[in-house]
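Please take these sequences and the hints and turn them into a complete structure.
Taken in order, these protein sequences are the chains called A and B. Numbering-wise (this note's numbering), the first sequence opens with residue 1 and increments by one. Numbering-wise (this note's numbering), the second sequence opens with residue 1 and increments by one.
Hints listed in this document are in silico derivations from the structure and should not be mistaken for laboratory results. These figures come from a predicted structure and were not determined experimentally. Virtual Cβ for every residue (Gly too), placed ideally from N, Cα, C. What you were told as hints is all true, and nothing was included just to trick you.
Estimated spans, in silico, between C-beta atoms of each pair:
#1 A:E159 x B:D110: 21 to 31 angstroms
#2 A:C58 x B:G50: 54 to 64 angstroms
#3 A:I142 x B:S29: 24 to 34 angstroms
#4 A:F62 x B:A94: 44 to 54 angstroms
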Amino acid sequence: MKLSVIMPVYNREVLVGAALRSLLRQRDAAELDIIVVDDGSTDGSADVVRSMIDENPCIRLFQQENTGVTRARNRGLSLLKPETELVSFLDSDDISPAGRFAADVALFRNDPDLELTYSKMMLVDAIDEQSLEPAAGANSVIARGIHLSAAIFSRRLVERIGGFDEDFAQAEDTDYLLRGFEIGPRYVLPDTLALYYRRHSGNMTRQQDVQAREFMRVIHKSIKRRRANPSLKPIEGIFELEKLSDWRLM
Amino acid sequence: MHHSNVYAVASKDIVFESFDGEAVVLDLSNGKYFGFSDSGSAVWQALSSGVSMQALTGMVDAAALEAFVARLVEFGLLAPSDAPPQPLPDNLPAALAAAKEPLNVSIHDDLADLIIVDPIHEVEEPLGWPAVKQAS
Chain A
1 MKLSVIMPVY NREVLVGAAL RSLLRQRDAA ELDIIVVDDG STDGSADVVR SMIDENPCIR
61 LFQQENTGVT RARNRGLSLL KPETELVSFL DSDDISPAGR FAADVALFRN DPDLELTYSK
121 MMLVDAIDEQ SLEPAAGANS VIARGIHLSA AIFSRRLVER IGGFDEDFAQ AEDTDYLLRG
181 FEIGPRYVLP DTLALYYRRH SGNMTRQQDV QAREFMRVIH KSIKRRRANP SLKPIEGIFE
241 LEKLSDWRLM
Chain B
1 MHHSNVYAVA SKDIVFESFD GEAVVLDLSN GKYFGFSDSG SAVWQALSSG VSMQALTGMV
61 DAAALEAFVA RLVEFGLLAP SDAPPQPLPD NLPAALAAAK EPLNVSIHDD LADLIIVDPI
121 HEVEEPLGWP AVKQAS
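The following block contains the structure:
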């Protein structure tokens, strides 16, 4: 099956190579198409990506003026090829665990009506840059959190959800996921570990003021949508976040 | 019994925002979402910023206001305050005059899991999503 993975990148020259390698090591799991949208990086991010394309033509690089992550994700969606059957996302500072796609793509092969797999993620504070696995002694916690990389979407579901809401400067991913679940897709919640989510000083989600307001707006919009349209589904029994409450104690 | 008619947001767990004039209040301790009607949004904005109930006299039905405030107190969103009353916001009379819905607040708790483990908890601590505040 043709799987497109959309990766926006902005000034992540140190990390984007590892993120891409973590995808390339899974080439046997699907017909991989990696769409990198360089959102106006001013560092060497695009050069790092370009240096990998010769040996890995499944990587496609698109460069644009800096417009923010929401529009960069939408650019990625606009670049899907007609033959793309499955869509996922990986941020340029995260790592896709070995075997992640093999496990969940198989579920789509076995169920032609499946529209969404939504798996687990690991928050981890140190990644071994050679093995692209959690470093020895790293702190980590696993949960079914809120992250685009936990998901593989069928192409049909991507079309049903529509684009990312460009009103959001942040939390556009949470909004997208809630909209995805609200429309009632056929989904499964595998125990696959779908993401190593790095904790490091540059995580964009640390821009707290904007994030808090944007998050409240996501919640507000979801409740308004469902109040206005009772056919939308409640968001229940999907996210398992309670384990994340231990993270701060580490 | 408190008679000041001035209220304040009841705790640090109560956070609120306004989106297109619509007030949204979250209780981070239990993940409850409180949605407001248009007139309710305007009154919440006034009371949560320390405007006295008396200042709203004539703009909203007195009995309805009493009942509305009683609910906000019962829900743990507002608490009586000894602070001196704040001036009425300039835009409030017009907002209340334009309001089409009665004073109302509704509770939704189906996104409580998200709200409890949300990034809002983090504003004072440089740790990043999605750690949550530990119970004290």
